[in-house]
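**Q** These protein sequences, in sequence, are chains A and B. Using my numbering, read the first sequence as starting at 1 and increasing by one per residue. Using my numbering, read the second sequence as starting at 348 and increasing by one per residue.
Hints listed in this document are in silico derivations from the structure and should not be mistaken for laboratory results. Where is the CB? At the ideal position from N, CA and C, for every residue including glycine. Warning: the hint list may mix true and false statements.
In silico lysine-lysine, DSSO-like type, Cα no more than 27 Å apart, as pairs [what the hints assert, rightly or not]: (1) B:Lys660 <-> A:Lys150; (2) B:Lys555 <-> A:Lys150; (3) B:Lys354 <-> A:Lys80.
Which bits of chain A does chain B cover? Going by a derived footprint, with three or more residues having C-beta under 8 Å, they are [said to hold, decoys possible]: (4) 108-117; (5) 133-140.
2 protein chains.
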Amino acid sequence: MEKKLNKRKGSQSLEFTNPPVILSTACVVGKKEGEGPLGAYFDQIEEDPMFGGKTWEDAESKMMFRTANLALKKAKLESKNIRYLVGGDLLGQLIATSFGVESLEIPLIGVYGACSTMGESLAVASVLVDGGYADRAMAITSSHFAGAEKQFRFPLAYGNQRPLAATWTVTGSGAVILGDETNTVLYSGHKVHVRAVTFGKIVDYGVKDSMNMGACMAPAASSVIAAHLRDFNLIPAYYDKIVTGDLGSVGKDILIDLMRQEGYDISKNHMDCGIEIYDPEVQDTHSGGSGCGCSAATLCGYLMNHLKEGKWKRILFVPTGALLSPVSFNEGQSVPGIAHAVVLEAV
Amino acid sequence: MEKKLNKRKGSQSLEFTNPPVILSTACVVGKKEGEGPLGAYFDQIEEDPMFGGKTWEDAESKMMFRTANLALKKAKLESKNIRYLVGGDLLGQLIATSFGVESLEIPLIGVYGACSTMGESLAVASVLVDGGYADRAMAITSSHFAGAEKQFRFPLAYGNQRPLAATWTVTGSGAVILGDETNTVLYSGHKVHVRAVTFGKIVDYGVKDSMNMGACMAPAASSVIAAHLRDFNLIPAYYDKIVTGDLGSVGKDILIDLMRQEGYDISKNHMDCGIEIYDPEVQDTHSGGSGCGCSAATLCGYLMNHLKEGKWKRILFVPTGALLSPVSFNEGQSVPGIAHAVVLEAV
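Produce the entire structure from the sequences given, and follow the hints as far as they go.
**A** Following this line, the structure appears as structure tokens:
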């Protein structure tokens with residue numbers, strides 16, 4: 001059997017021999033995200049922050065359900081055509097996902113990587129398709145501003161002030177359907193496939209500020225990007241863009257510094273979904289957007305658009321996660337980070 | 348490329364062409380579990396419920412860290428020899444896992460399937476090894492009685508009464524190291540490998556009682572066991588034991604009834620880790636044990652012992668999870684279940 005693992009000693013990376021093709025992507029976001037600079041790229045913008053639900057958690061589940069169905073519709077598939085669903089979210093015990101996808105009745109692999117979830121779910125789904133374990137698999141995630149604030153910081157009604165390093169949790173969901181070579185791609189433009197992945201390690205610099213997630217996650221992003229470049233012996237310019245998830249403007253500066261220490265200059269082609277998704281002047285979002293939905297919706301809208309239309313040939317997509325809970329934070333623990341890297345290539 | 352997916356229409360199952368071998372297992376439990384009927388099978392029994400830690404969550408992390416290291420030691424490996432770690436736990440945002448394994452510096456795939464986590468992590472790790480994506484992978488999980496009560500029900504200090512349908516969360520952790528055929532197995536007796544897996548769907552019967560997890564999870568267990576038997580065209584007697592995770596005595600009765608409705612009689616060879624792990628007369632545990640650690644520690648101790656020693660040829664290991672959070676429960680949501688099935692075979 002042909003081994004797909006990268007042979008470099010200590011490698012964290014996999015190169016696919018049967019690169020899974022993206023059959024469709026879908027993204028559904030809230031009003032604020034729709035008003036931002038990437039608004040035109042989202043499939044649906046919902047004015048109602050409750051998405052017709054009864055609670056913030058229910059709202060997020062309904063948003064995820066709608067996103068999954070839209071991805072199916074765009075690929076002209078039904079849920080029974082999807083072999084496995086790989087998904088997760090930020091809420092404790094993944095309740096947005098459990099209640100969001102249960103009626104689809106697809107065998108579920110629940111994953112948690114904080115805001116790196118879109119990278120993790122895409123990577124696991126890619127392994128399943130590349131390895132012949134699934135003819136089609138869906139990767140999905142979401143986050144909701146109000147649910148995340150309630151879960152991690154303060155209920156909205158408390159009205160606390162947000163420091164300038166704080167990010168704004170994106171209300172959004174993104175879903176990607178991957179398929180093997182037996183599938184036909186229906187969208188126009190370039191086919192996009194997943195070429196390789198690098199699974200990240202937890203990196204903990206001891207940062208304890210839940211209002212400065214960028215600083216918590218930048219070391220993990222730097223670790224996985226550097227590992228990826230070393231594993232495949234690449235220079236940063238190999239990628240049209242190296243796209244992190246939600247470092248925000250504070251985290252971006254730290255990442256670029258850390259990458260310099262690793263011997264790589266990514267200042268020219270680095271982009272962060274959290275910085276792109278809002279206009280900080282007009283939208284009062286301080287350091288930028290965050291949440292699983294930030295990189296997921298940006299991938300499924302803006303990034304996919306640029307790949308399909310041939311504006312970019314390939315990108316390294318690196319969603320970034322901060323591994324904290326309200327309990328660990330209140331007990332004085334640090335906020336470790338994790339990030340996973342996925343190579344997306346237009347063919 | 349040879350396809351590993353089961354070709355039956357609507358199949359949820361995978362049969363491995365290069366079945367991963369279990370290189371080692373390790374289990375560390377608390378005092379109560381050590382005093383139970385399976386006490387002799389656990390690797391370590393810790394008298395201190397804090398495991399030398401500062402908080403219940405920290406205690407669980409320290410228990411998991413110790414379990415991972417013990418599994419490495421038993422296989423004469425170091426953490427750098429493990430390509431990927433697949434793990435998770437019950438706590439919100441998987442903090443027991445994040446803080447438990449971060450110092451091992453193994454690329455992490457965080458998973459959440461409530462108490463089905465040992466099944467999910469074993470299944471994903473098996474895919475990685477079978478497919479040639481990892482020469483070695485570790486699957487790990489844990490639960491801690493005090494941390495789980497605090498997270499899901501009432502803090503211990505509240506002193507609430509437990510109804511008879513309630514289970515007792517196991518303080519325990521289990522770790523399995525899987526390897527491909529290039530590895531040498533060091534333990535004596537039969538080699539044990541992972542032959543196939545069936546990923547489960549979420550099944551929601553609308554049960555809303557967080558004190559009756561068995562009733563919430565039994566439909567999911569029934570669904571995945573029936574799917575497994577159908578996918579491979581097997582009768583229940585093919586397995587020496589069909590071992591669910593933590594249905595307890597209430598859930599066991601429901602499972603056997605549901606399986607009869609599916610056309611299968613599993614009453615003769617069904618076993619539930621939650622029923623085996625405590626003595627309900629002496630230990631006041633009511634319906635039985637529960638938690639990710641329940642099936643994980645039972646697998647890594649008692650079940651592996653029986654397979655290695657040739658008492659059993661093959662078992663279907665089916666950890667069962669209840670997908671609730673304190674938030675979803677307090678908002679009046681039902682408690683859906685999920686279960687994943689893993690075929691373990693002595694060769």
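**Q** The structure should be examined with respect to each hint, and the outcome stated for every one.
**A** Results of checking the hints against the structure:
Between B:Lys660 and A:Lys150 the CA atoms are separated by roughly 50 Å; this puts the pair beyond 27 Å, and the hint is violated. For the hint pairing B:Lys555 with A:Lys150, the CA-to-CA distance comes to about 23 Å; that is within 27 Å, so the pair holds. Taken as a hint, the B:Lys354 and A:Lys80 pair is honoured in the structure, with Cα atoms around 14 Å apart against an allowance of 27 Å. Check result for the stretch 108-117 of chain A against chain B: holds, 7 residues qualifying (beta carbon to beta carbon below 8 Å, three or more required).
With a threshold of 8 Å between beta carbons, the proposed coverage of the stretch 133-140 of chain A by chain B holds, since 3 of its residues qualify and at least three are required.
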